[in-house]
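Asks: So the chains spell out like this:
Number of protein chains: 2
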Amino acid sequence: MRLSNLFMPTLREVPAEAEILSHKLMLRAGLMRKQASGVYNYLPLGLKALNKLENIIREEMNKEGAQEILCSALIPSELLKESGRWGVFGPEMFKQYDRHNREFCLGPTHEEVFTDIVRSAVKSYKNLPLNLYQIQTKYRDERRPRFGVMRSREFVMKDAYSFDSSWEGLDTVFNKMHSAYCNVFSRCNLDYAPVEADSGAMGGSGSVEFMVKSEIGEDEIVFCTKCSYGANIEKAQTLPTNVIADVSVREVEKVYTPGIKTIEELAKYLYKKPSELAKTLLYKVDDKVVAVVIRGDRELNEVKVANHFVATEIEMLDAEGVREATGAEPGFAGPMGIKADAVLIDYEVAEGEVFSIGANETDYHIMNTMYKRDFDGIVGDFRKIAEGDKCPVCGEAVTIKRGIEVGHIFKLGTKYSEALNANFIDENGKENPIIMGCYGIGVNRTMAAVIEQHSDDKGIIWPLELAPFEAIVVPVVMKDEAQVKIAEDIYNNLKSMGIDALIDDRKERAGVKFNDADLIGIPFRITVGKKASEGIVEFKLREEEEARDILIEDVYTEIVKAFKEKGKVLYSKTEL
Amino acid sequence: MRLSNLFMPTLREVPAEAEILSHKLMLRAGLMRKQASGVYNYLPLGLKALNKLENIIREEMNKEGAQEILCSALIPSELLKESGRWGVFGPEMFKQYDRHNREFCLGPTHEEVFTDIVRSAVKSYKNLPLNLYQIQTKYRDERRPRFGVMRSREFVMKDAYSFDSSWEGLDTVFNKMHSAYCNVFSRCNLDYAPVEADSGAMGGSGSVEFMVKSEIGEDEIVFCTKCSYGANIEKAQTLPTNVIADVSVREVEKVYTPGIKTIEELAKYLYKKPSELAKTLLYKVDDKVVAVVIRGDRELNEVKVANHFVATEIEMLDAEGVREATGAEPGFAGPMGIKADAVLIDYEVAEGEVFSIGANETDYHIMNTMYKRDFDGIVGDFRKIAEGDKCPVCGEAVTIKRGIEVGHIFKLGTKYSEALNANFIDENGKENPIIMGCYGIGVNRTMAAVIEQHSDDKGIIWPLELAPFEAIVVPVVMKDEAQVKIAEDIYNNLKSMGIDALIDDRKERAGVKFNDADLIGIPFRITVGKKASEGIVEFKLREEEEARDILIEDVYTEIVKAFKEKGKVLYSKTEL
Chain A
46 MRLSNLFMPT LREVPAEAEI LSHKLMLRAG LMRKQASGVY NYLPLGLKAL
96 NKLENIIREE MNKEGAQEIL CSALIPSELL KESGRWGVFG PEMFKQYDRH
146 NREFCLGPTH EEVFTDIVRS AVKSYKNLPL NLYQIQTKYR DERRPRFGVM
196 RSREFVMKDA YSFDSSWEGL DTVFNKMHSA YCNVFSRCNL DYAPVEADSG
246 AMGGSGSVEF MVKSEIGEDE IVFCTKCSYG ANIEKAQTLP TNVIADVSVR
296 EVEKVYTPGI KTIEELAKYL YKKPSELAKT LLYKVDDKVV AVVIRGDREL
346 NEVKVANHFV ATEIEMLDAE GVREATGAEP GFAGPMGIKA DAVLIDYEVA
396 EGEVFSIGAN ETDYHIMNTM YKRDFDGIVG DFRKIAEGDK CPVCGEAVTI
446 KRGIEVGHIF KLGTKYSEAL NANFIDENGK ENPIIMGCYG IGVNRTMAAV
496 IEQHSDDKGI IWPLELAPFE AIVVPVVMKD EAQVKIAEDI YNNLKSMGID
546 ALIDDRKERA GVKFNDADLI GIPFRITVGK KASEGIVEFK LREEEEARDI
596 LIEDVYTEIV KAFKEKGKVL YSKTEL
Chain B
46 MRLSNLFMPT LREVPAEAEI LSHKLMLRAG LMRKQASGVY NYLPLGLKAL
96 NKLENIIREE MNKEGAQEIL CSALIPSELL KESGRWGVFG PEMFKQYDRH
146 NREFCLGPTH EEVFTDIVRS AVKSYKNLPL NLYQIQTKYR DERRPRFGVM
196 RSREFVMKDA YSFDSSWEGL DTVFNKMHSA YCNVFSRCNL DYAPVEADSG
246 AMGGSGSVEF MVKSEIGEDE IVFCTKCSYG ANIEKAQTLP TNVIADVSVR
296 EVEKVYTPGI KTIEELAKYL YKKPSELAKT LLYKVDDKVV AVVIRGDREL
346 NEVKVANHFV ATEIEMLDAE GVREATGAEP GFAGPMGIKA DAVLIDYEVA
396 EGEVFSIGAN ETDYHIMNTM YKRDFDGIVG DFRKIAEGDK CPVCGEAVTI
446 KRGIEVGHIF KLGTKYSEAL NANFIDENGK ENPIIMGCYG IGVNRTMAAV
496 IEQHSDDKGI IWPLELAPFE AIVVPVVMKD EAQVKIAEDI YNNLKSMGID
546 ALIDDRKERA GVKFNDADLI GIPFRITVGK KASEGIVEFK LREEEEARDI
596 LIEDVYTEIV KAFKEKGKVL YSKTEL
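Sequence order for the protein chains is A and B.
Number 253 in the numbering used here belongs to position 208 of the first sequence; there are no gaps in the numbering.
Number 224 in the numbering used here belongs to position 179 of the second sequence; there are no gaps in the numbering.
You may find that some hints are simply not true.
One copy or any two copies: either way a pair holds, since identical chains are not told apart in the list.
What the hints assert, rightly or not - List time: in silico SDA-like cross-link candidates among lysine to any residue, alpha-carbon distance up to 25 Å: (1) Lys79 <-> Ser122; (2) Lys606 <-> Arg164; (3) Lys435 <-> Tyr274; (4) Lys606 <-> Gly543; (5) Lys168 <-> Pro54; (6) Lys530 <-> Glu148; (7) Lys126 <-> Ser224; (8) Lys168 <-> Ala61; (9) Lys168 <-> Arg47; (10) Lys435 <-> Arg147; (11) Lys168 <-> Leu48; (12) Lys503 <-> Arg144; (13) Lys79 <-> Gln181; (14) Lys93 <-> Asn107; (15) Lys606 <-> Ser541; (16) Lys171 <-> Asn86; (17) Lys221 <-> Asp550; (18) Lys475 <-> Asn107; (19) Lys475 <-> Asp216; (20) Lys313 <-> Glu396; (21) Lys171 <-> Val522; (22) Lys524 <-> Gly132; (23) Lys221 <-> Leu92; (24) Lys79 <-> Arg164; (25) Lys171 <-> Asp550; (26) Lys613 <-> Arg103; (27) Lys609 <-> Ser320.
To be clear, the hints were calculated from the coordinates, so they are not data collected in a lab.
Please build the complete structure, drawing on both the sequences and the hints.
Replies: Okay, structure coming up:
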């Protein structure tokens, strides 16, 4: 491609709403333009990189036996009603009505559609296993689209769904997908980690998220400082310390705490540390009123509470509900005598300390209370793990980092096949629901994550596998015909080797050309300048600071060497 | 790919709603499944063929300097309001509202979006020309979706938009696109023709449709039986015959024609041929009431009437309007004394004959009337051309055929750039609207058209360039290990040559395998049977009836020869 023809509208200034590096660079380097909030159009450089990423995903999926199909974005409501999910997505789902007022949605995900395709095609265990995927545009009306394509309302997703006749089969394909995902993210040069994720109350252990480590990530991930443990914070277990409570401690004492409603205020007022207080949080879990008691300095983990009850909905109780449960104004709840369907006590509160708690009476708290002696409840793990807590695997301290979720693999089991009657006849002639898994990659988000990890103040530093163009040839003086001729020859030779090459044939100063090459992040730059007449050009890797002079003929061997090192395959025409 | 793993749910019976061959075969061969009326999901074989077609289009577009981008399907209403098209699509446009009740549509076409991208990036003639395209999913809520993907509500379209600083530039890119389209449809082995199409009242000559000849086509195309003239019937001109009217003919005579309202009834009643009668049709053209007089045996061409007035809307006048214009019940309109804003007389009626016309009085007609002597109006070409009419280029007889519109190239001029203020500064520092063209290919429809033209009673006969797999190796007896080994070797050799090969490793009878290979239309079949032990296999082209025995080593040369003949390129890994 000739840069003079390339539609590459770079920007000096980016809109203030572009808060993160990848969003800024994707706009500055002319990779994309915004069409509406959370909706983007891809320009040539952006689309080329996106397509290369899609092809990496395709290769790795196909290698593991998955087959590509393509489903419509328009999903009839009947299908989501069959699975019971029509109402579940709330305002995040774009509803669509046709001219006959038939109800559709723009698919936020495609479990039901794939299950529908398979139920009409598969009758017997002999037709299984199947692993089908698509690379397709999804629609989710995010409440707060932001960070460019990182959280957008229209995005490309690779979603795969596996169909098996046995749970062992599901384990096998799950592991294959795990390995395919590792290959994809490695080929993208991402610093990532597969971490355990919550799989809901029924899901067992089969949920792994692929997290790219990044300060701007919206997820918190827990890593062990010693072993290989990694988990989403929603999932990471905390353990009981098994301290035996000392029952000889001080007696309970009710204290007047006028208008003292928060842990901070109470700690100050009672001259205690927040960790010596216990807070009682009231929730509505499905239809139950639930009180959860955790240490004053901790955060509650709603996912753990919901999972305890195998519940699908959890929300904080409103003020009126709190008054009914406690007989007091909000701010004075405590486990002693509370009117709740269940009281959950976090391990730390159940262990050998005394805690100050709410008295269930407006303006009063109770000091020196103790689990079992003064109040009762179901003991378990209900809080968010914190920095320095013990690793649930090896017991060493954990650390918490931020991450971008780029992939998620999940054992669905028979949830959708049961709902949609997707059954198979087994070896014994018995009908069983098909056992399913689902496997997603956020394609645009992965691309943005690559830019987050691979850029500097000059621009993007594309990994070779994703670079929209692999090499750029820059003739320095466009008026120097001999120079231009040499540059054109190198450009043509690279192309015939199967290399995606660009030549900057614009009548611009060399400085402008170098800046643009850096901004758009082309891995190899070959500068044809003064020494070209002596057979020498400048060779520079985008990822390195320094350029070096090399012989023209060495350009090709250098590039081939680099391709080899990175395991990148080159294709060229077969002579027939 | 191993057929035992391929998700290829073929069907014996297809739903009755599949009326045409391509629709039936796409369902039977497991290329796609219906998701809703006019909405389809592509299965592996269908998607592979679709992708191959997309890549042909990409190659031909890129060769002519077009650049690929990818725009969102969600278009904010503001953009279509700027161009004045928000209301134009009517119920065919899927409207979409987000959680803030902002108005969008699912793009039926993308003129405004591309113009918006270009207006924000292009300032000067130096940034032009540009030709941008996308291969993207479009949404049109067709009143009557039918014929499978031939007329669907969601479909893949290649749409390109060119941007030039001069009209000569537009001509150049228009011609390039013409040639790219010819290459695309030729590579698909389609029997097609580029034909002149109506370009609206303002459009001049720049509108060409690419029509695939087919009985099931929804368009009528006019071809000259002698010269190369071809046109959509809406566009095809009829010519005056320049017969001098003989004014010595019989005098006018008003006749009582009780309840005689149609041409058929009138012809019978008056003992005349329909061609001796003239019918007067009343239209509302934008805001004008227009009477059009054509011969009784002819059809009116509404496009010609609308274009005469440079009008955007044309519809038949309702009964009330007819009564106002004629003073009579509908069925008795005539040009003598009619109250209309304009009276249009078709050439044939203006030429030297007498005609019977309506009397503008209920139950009366007038015989022996003559243009100029008895009534007046604007003479021109207002009827549809008919079989046997004269070719407007050479004067020989034309013939009318049916066609499927697979492509359309169109000179837009400055319609959108003026509406959206997409301007450029010219060499003299003057601001001008950018000159645009648009170029579309219906991708799924082209695929279906290929199947219409390339199939037999056994199934699809894929042209080599579109075949989801190029060759299939069929071991006859799966229990014969030596046979299977030879088949596997051939399969592996073909793959390493870069050929998209399939092996039918299912434990099925040879007959079943042959039927499936024929149904899914794989170009080359290599059958490994009894003679394999002697180094001989059966080689069969899908497009030929007979198979022939050849040496195993000749399989490769035969296939390479065929690839060469068809100009198909093979790619293989470059040894680094």
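Asks: Taking the hints in turn, state whether each one holds.
Replies: Here's how the hints hold up against the structure:
no.	hint	verdict
1	Lys79 <-> Ser122	between (30 Å within a copy, 15 Å between copies)
2	Lys606 <-> Arg164	neither (49 Å within a copy, 43 Å between copies)
3	Lys435 <-> Tyr274	within (11 Å within a copy, 83 Å between copies)
4	Lys606 <-> Gly543	both (14 Å within a copy, 24 Å between copies)
5	Lys168 <-> Pro54	between (53 Å within a copy, 11 Å between copies)
6	Lys530 <-> Glu148	neither (62 Å within a copy, 53 Å between copies)
7	Lys126 <-> Ser224	neither (34 Å within a copy, 49 Å between copies)
8	Lys168 <-> Ala61	between (56 Å within a copy, 23 Å between copies)
9	Lys168 <-> Arg47	between (54 Å within a copy, 20 Å between copies)
10	Lys435 <-> Arg147	neither (54 Å within a copy, 49 Å between copies)
11	Lys168 <-> Leu48	between (55 Å within a copy, 18 Å between copies)
12	Lys503 <-> Arg144	neither (51 Å within a copy, 38 Å between copies)
13	Lys79 <-> Gln181	both (19 Å within a copy, 17 Å between copies)
14	Lys93 <-> Asn107	both (21 Å within a copy, 13 Å between copies)
15	Lys606 <-> Ser541	both (17 Å within a copy, 23 Å between copies)
16	Lys171 <-> Asn86	between (44 Å within a copy, 23 Å between copies)
17	Lys221 <-> Asp550	between (46 Å within a copy, 23 Å between copies)
18	Lys475 <-> Asn107	neither (31 Å within a copy, 55 Å between copies)
19	Lys475 <-> Asp216	within (22 Å within a copy, 68 Å between copies)
20	Lys313 <-> Glu396	within (23 Å within a copy, 106 Å between copies)
21	Lys171 <-> Val522	between (67 Å within a copy, 20 Å between copies)
22	Lys524 <-> Gly132	neither (66 Å within a copy, 53 Å between copies)
23	Lys221 <-> Leu92	between (28 Å within a copy, 23 Å between copies)
24	Lys79 <-> Arg164	between (39 Å within a copy, 14 Å between copies)
25	Lys171 <-> Asp550	between (59 Å within a copy, 14 Å between copies)
26	Lys613 <-> Arg103	both (15 Å within a copy, 24 Å between copies)
27	Lys609 <-> Ser320	neither (57 Å within a copy, 79 Å between copies)
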